[in-house]
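K.L.:
Chain residues, written in single-letter form:
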Amino acid sequence: MQRFINNPDDIVDETVRGFVRAHAGRVRLDPGNARVVVAREAPVKGKVGIVTGGGSGHEPAFIGYTGRAMVDAVAVGELFSSPTAKSFHDAIRAADGGAGVAVLYGNYAGDNMNVKMAARMAARQGITVATVVANDDVCSAPLTEREKRRGVAGEIFMWKIGGAKAAAGASLDEVIATAQRAIDNCRSVGVGLGPCTLPAAGKPNFEIRAGTMEVGIGHHGEPGTRVEPLTSANAVADDMVALVLADHALPGGTEVAVLVSGLGATPVNELYVLYDRMADRIEAAGLKIHRGFVGNYFTSLEMVGATLTVMALDAELKALLDAPTDVPGL
Amino acid sequence: MGAGMTRLKNAGAADILWEVADVIVANKAYLSELDGKIGDGDHGFNMAKGFGRAKERIDEASGTLDSAMRTLSDILMSEIGGSMGPLYGMMFSDMADALDGAAEIDAAAFGRMIRAGLEGVQAIGSARVGDKTLLDTLVPAVETYEAALAEGNDWPQALSRMKAAAEAGRDSTLDMVAKMGRSSRLGERSRGVLDAGATSCCLILTALADGIGRRIVG
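From first to last, the protein sequence lines are chains B and W.
Positions 0 to 329 (the numbering used here) are the ones given, in order, by the first sequence.
Positions 234 to 451 (the numbering used here) are the ones given, in order, by the second sequence.
Some hints could be false.
As the list claims (entries may be wrong) - Footprint (simulated), chain B over chain W, 3 or more residues, beta carbon under 8 Å:
| hint | stretch |
| --- | --- |
| 1 | 372-385 |
| 2 | 399-413 |
Unchecked claim - With the Cβ distance kept under 8 Å, some of the chain W side facing chain B (calculated, not the full set):
| hint | residue |
| --- | --- |
| 3 | 334 |
| 4 | 357 |
| 5 | 358 |
| 6 | 362 |
| 7 | 419 |
Stated by the list, open to error - Here are some chain W residues the structure puts well away from chain B; computed CB gaps all over 12 Å:
| hint | residue |
| --- | --- |
| 8 | 242 |
| 9 | 263 |
| 10 | 336 |
| 11 | 345 |
Everything labelled a hint here was simulated from the structure, so no lab data went into it.
Beta carbons: idealized from backbone N, C-alpha and C, even for Gly.
With the hints as constraints, model all of the structure from the sequences given.
P.N.:
Below, the structure written as structure tokens:
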């Protein structure tokens, strides 16, 4: 595959610079740390700050969700590698408006450690930090060990809802409780059809044989739970919906938000093909789709494949999901 | 000469960390190759980047070992990230705190230093021995060193036993199934490959022991 690359070592800095220039009306670079992207208006005095962060290569995540009523500051890591504790700390400082900071991030070993250290550094400066760790990927561990599950595209709903709650003037405890409820109500699954390559490594870091698909694949190519022959889009959609709903056990009539994201190299029209069938299946299960999102929301470099996220809504989550926001990624 | 007699001047011992850095940089491709088999293959690149930068910034001529460790720790924590940045960052930061500018380092001080490093790693991570991580090297190395001193071995003997324990610990990861980090997603498929973190930890401890051994014997 041919790619647009100068020096692989510069790709993250160039990505961030380009992003900030393209969306200068909504975001800026932290003056002291070129790996921290900050919402134009942050910090907002008296508002709970919302911070996230993660490795690069998932664009528009994580930086794309920076902006009004969503994420205030994002720590940016190397490709597929956690940001430093210092960058998380600088993001926390940039987001702090005096009402505490909620760090809403995904369950990965590096991020867990770096956020923990950053929270300690911030505490020494008198900033109150609380966290929610996303773990919506159903295939990464059994439901009984949900704390081991990875965070994937459900994080977008967590940021949207946590950000809207903070923008409405809620306290840190309220923001954390609401963001936690949002991610608890999310289930996601990924299917991979083709691998991705870290430019510095130069070759794919895993393999998917022609004619097969990997069900349950992670956002960095973590192995799925099974490898199967790739048949029709409808069969894949059915499989993904079944996996997500089996883990969810939602009562009939529940309203849901549905997000289908490409993993980087799948054409958007194929995502709509999947969505068409997924919506059928979700409705056939007695659920009511309040809103659908289809596009490249959370990618994995040039991986071929898609993820499905279903979030159960209640009246408050619905209102917060629908509240206005202004971020490049949504 | 008894265990308590041998000492090393802390001032000027920063160059021991240069030697550690050289070993890590020399093993960049090997560590990445190991990591590539069950992880994402960036361990060697990130370690070499962090330790290489530390070497550029450590003042060889007059620095103490703890100041050099602090420089290395700062770079790992503020410029490297990932999982190894905080783990080794905490290890070297707590090792530096244990030395805390002492004029001389002896066998007991070295023991306190590596014990503090181990506790630093355990404070930030959540792995245990047997999870196929750097702890599989670090825990037996520290425990063996402490036991060796308690049994009356002198410093070079204790360092030599620590090195052997670190190597055995590293090798023990070959037949383990990963429980932490990205390789844990592989389950049984992670068996049969050395853990990259356990391997780099063995390189670090061995280089530290060799650097100290050369200075206290020669």
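K.L.:
Counting residues of the stretch 399-413 of chain W whose CB is closer than 8 Å to a CB in chain B, do you get three or more?
P.N.:
violated (count 1)
K.L.:
Given residue 357(W) was flagged as interface, is its beta-carbon under 8 Å from a beta-carbon of chain B?
P.N.:
Since the shortest Cβ distance to chain B is 5 Å, the answer is holds.
K.L.:
With 12 Å as the threshold, tell me whether residue 336(W) passes as away from chain B on beta-carbon distances.
P.N.:
30 Å, holds
K.L.:
May I ask you to check that residue 242(W) keeps its beta-carbon over 12 Å from the closest beta-carbon of chain B?
P.N.:
32 Å, holds
K.L.:
So, residue 334(W) near chain B? Judge it on the closest CB pair being under 8 Å.
P.N.:
Cβ of residue 334(W) sits 22 Å from chain B, so the hint is violated.
K.L.:
Can you verify the interface hint for residue 419(W): is its Cβ closer than 8 Å to any Cβ in chain B?
P.N.:
6 Å, holds
K.L.:
So, residue 362(W) near chain B? Judge it on the closest CB pair being under 8 Å.
P.N.:
Violated - the Cβ of residue 362(W) stays beyond 8 Å from chain B, reaching only about 17 Å at its closest.
K.L.:
Confirm or reject the statement that residue 345(W) sits farther than 12 Å, beta carbon to beta carbon, from all of chain B.
P.N.:
23 Å, holds
K.L.:
Quick check on residue 358(W) please, does its C-beta sit within 8 Å of some C-beta on chain B?
P.N.:
With a minimum Cβ separation of about 6 Å from chain B (threshold 8 Å), the hint on residue 358(W) holds.
K.L.:
If you look at each residue in the stretch 372-385 of chain W, do at least three have a Cβ nearer than 8 Å to any Cβ of chain B?
P.N.:
With 0 residues closer than 8 Å to chain B, the stretch 372-385 of chain W misses the three-residue bar; violated.
K.L.:
May I ask you to check that residue 263(W) keeps its beta-carbon over 12 Å from the closest beta-carbon of chain B?
P.N.:
15 Å, holds
The structure fails to meet hints 1, 2, 3 and 6 from the earlier list, while all remaining hints are met.
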